[in-house]
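> Sequence:
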Amino acid sequence: MIVVEQVTGLALLQDPGRPGHARLGVAPSGAFDVGAHLAADAAVGNAPGAATIELLLGPLVLRARRACVLAVTGAGGDVRVDGLAVAPRRPFTLVPGAVLTVGAARDGVRRYVAVRGGFAVEPVLGSRARDTLAELGPAPLASGDELPVGDDVATPLRPPVPAAGAATVGVAKVGSAEAGDAGARPPTEVLLEVLPGPRPEDFATDALGDLASQVWTVSDRCDRVAVRLEGARVHRATTGVGGPAGDRPSPELPSEGLVAGAVQVPPSGEPVVMGPDHPLTGGYPVVAALTRASLDRLAQVRPGTRVRLVPTTVGPSTGAHRSPVPR
Numbered sequence: 008m009i010v011v012e013q014v015t016g017l018a019l020l021q022d023p024g025r026p027g028h029a030r031l032g033v034a035p036s037g038a039f040d041v042g043a044h045l046a047a048d049a050a051v052g053n054a055p056g057a058a059t060i061e062l063l064l065g066p067l068v069l070r071a072r073r074a075c076v077l078a079v080t081g082a083g084g085d086v087r088v089d090g091l092a093v094a095p096r097r098p099f100t101l102v103p104g105a106v107l108t109v110g111a112a113r114d115g116v117r118r119y120v121a122v123r124g125g126f127a128v129e130p131v132l133g134s135r136a137r138d139t140l141a142e143l144g145p146a147p148l149a150s151g152d153e154l155p156v157g158d159d160v161a162t163p164l165r166p167p168v169p170a171a172g173a174a175t176v177g178v179a180k181v182g183s184a185e186a187g188d189a190g191a192r193p194p195t196e197v198l199l200e201v202l203p204g205p206r207p208e209d210f211a212t213d214a215l216g217d218l219a220s221q222v223w224t225v226s227d228r229c230d231r232v233a234v235r236l237e238g239a240r241v242h243r244a245t246t247g248v249g250g251p252a253g254d255r256p257s258p259e260l261p262s263e264g265l266v267a268g269a270v271q272v273p274p275s276g277e278p279v280v281m282g283p284d285h286p287l288t289g290g291y292p293v294v295a296a297l298t299r300a301s302l303d304r305l306a307q308v309r310p311g312t313r314v315r316l317v318p319t320t321v322g323p324s325t326g327a328h329r330s331p332v333p334r
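Under our numbering, the first residue of the sequence shown carries the number 8, and numbering increases by one thereafter.
Take these hints with a grain of salt, some might be off.
[As the list claims (entries may be wrong)] Have a look at the derived ranges for each label pair, beta carbon to beta carbon:
1) Thr15 with Gly104: 32 to 40 Å
2) Glu263 with Gly16: 29 to 37 Å
3) Gly216 with Thr15: 41 to 49 Å
4) Pro163 with Gly56: 35 to 43 Å
5) Leu164 with Glu263: 43 to 51 Å
6) Met8 with Pro205: 46 to 54 Å
7) Glu142 with Asp227: 19 to 27 Å
8) Glu263 with Pro310: 52 to 60 Å
9) Gly90 with Pro261: 54 to 62 Å
If you're looking for bench data, these hints aren't it; they were derived computationally from the structure.
Ideal placement from N, C-alpha and C gives every residue a C-beta, glycine not left out.
Start from the sequences and build out the full structure, keeping to the hints where you can.
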């Protein structure tokens, strides 16, 4: 059992989500930075479906009721056990009564905390992911919450994981740069790969080219549902009527399915990228869609950061543009 002592910001339980329920009006949801979530689970030997804590900004303070193995991935920042700095992205053991403090994110916005066996709260529709739009799944964590630890383990841990405070590999020295990513700073510009949208005729010009030629800024209107980009307009197709220039935007499309990473263009012309808790349908034209790796990168981008959207071909991300934060 792990007890939440203190939480600042938004702390949610997340896993790979609940795909396959669109007919019920339920979006997949799941971890925003999938790579960081999977890296946390892998570090403690969990199966990929085990739930982790997704922490927005932070800090978060947890206390162990029994010995357990944990790891912290995602954005850089301090990780401390009873005041001792611990190396990020590597497993460590909490002894009963020990207090883990996951500090505020420094070079991104989301940190992931995994415990060996996974957080075994009651699943909803087969998933422990919190959908913030539908308010489905476990509630956001609050002080006093007790989190049971499950047995969702895939691989043994080798070599044995040291207890925090032990002078062995796996636990960093107090105050070391490695322990807390002390030199980490948010990037000023991030490159995101995009695939072309389904209907270029919905736009007045080479919309994908327009999208790629601009430098966009992440708005402070961003969450797990969507991330708005600010900058020049992407011009939608017009009706040819409605004013001296005949430039009234074409009517909205019939609602159609959306996916995480879809880049919609509302009447304002400023793109909106769908996050994991996106609505299932929408009526604005889709100019592009982020690759899965780029959606992970977007999950770690702070408001005010500049982003460039780089067209790519169908297939997995090339990896040419790395994540703004280590896993």
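> Taking the hints in turn, state whether each one holds.
Hints, one by one, checked against the model:
The supplied range of 32 to 40 Å is broken by Thr15 and Gly104, whose beta-carbon atoms lie about 22 Å from each other. Our hint of 29 to 37 Å for Glu263 and Gly16 holds, since their Cβ atoms are close to 34 Å apart. Taken as a hint, the range 41 to 49 Å holds for the pair Gly216 and Thr15, whose Cβ atoms sit roughly 42 Å apart. Distance hint for Pro163 and Gly56: a CB-CB separation of about 18 Å, inconsistent with the stated range 35 to 43 Å.
Range check, Leu164 to Glu263: Cβ separation about 46 Å, and the 43 to 51 Å hint holds. Between Met8 and Pro205 the C-beta distance comes to about 48 Å, which sits within the given range of 46 to 54 Å. Checked against the given bound of 19 to 27 Å, the beta carbons of Glu142 and Asp227, roughly 22 Å apart, stay inside it. Restraint check, Glu263 to Pro310: a C-beta distance of roughly 29 Å breaks the suggested window 52 to 60 Å.
The supplied range of 54 to 62 Å is met by Gly90 and Pro261, whose beta-carbon atoms lie about 58 Å from each other.
The structure is inconsistent with the numbered hints 1, 4, 8, although it conforms to all the rest.
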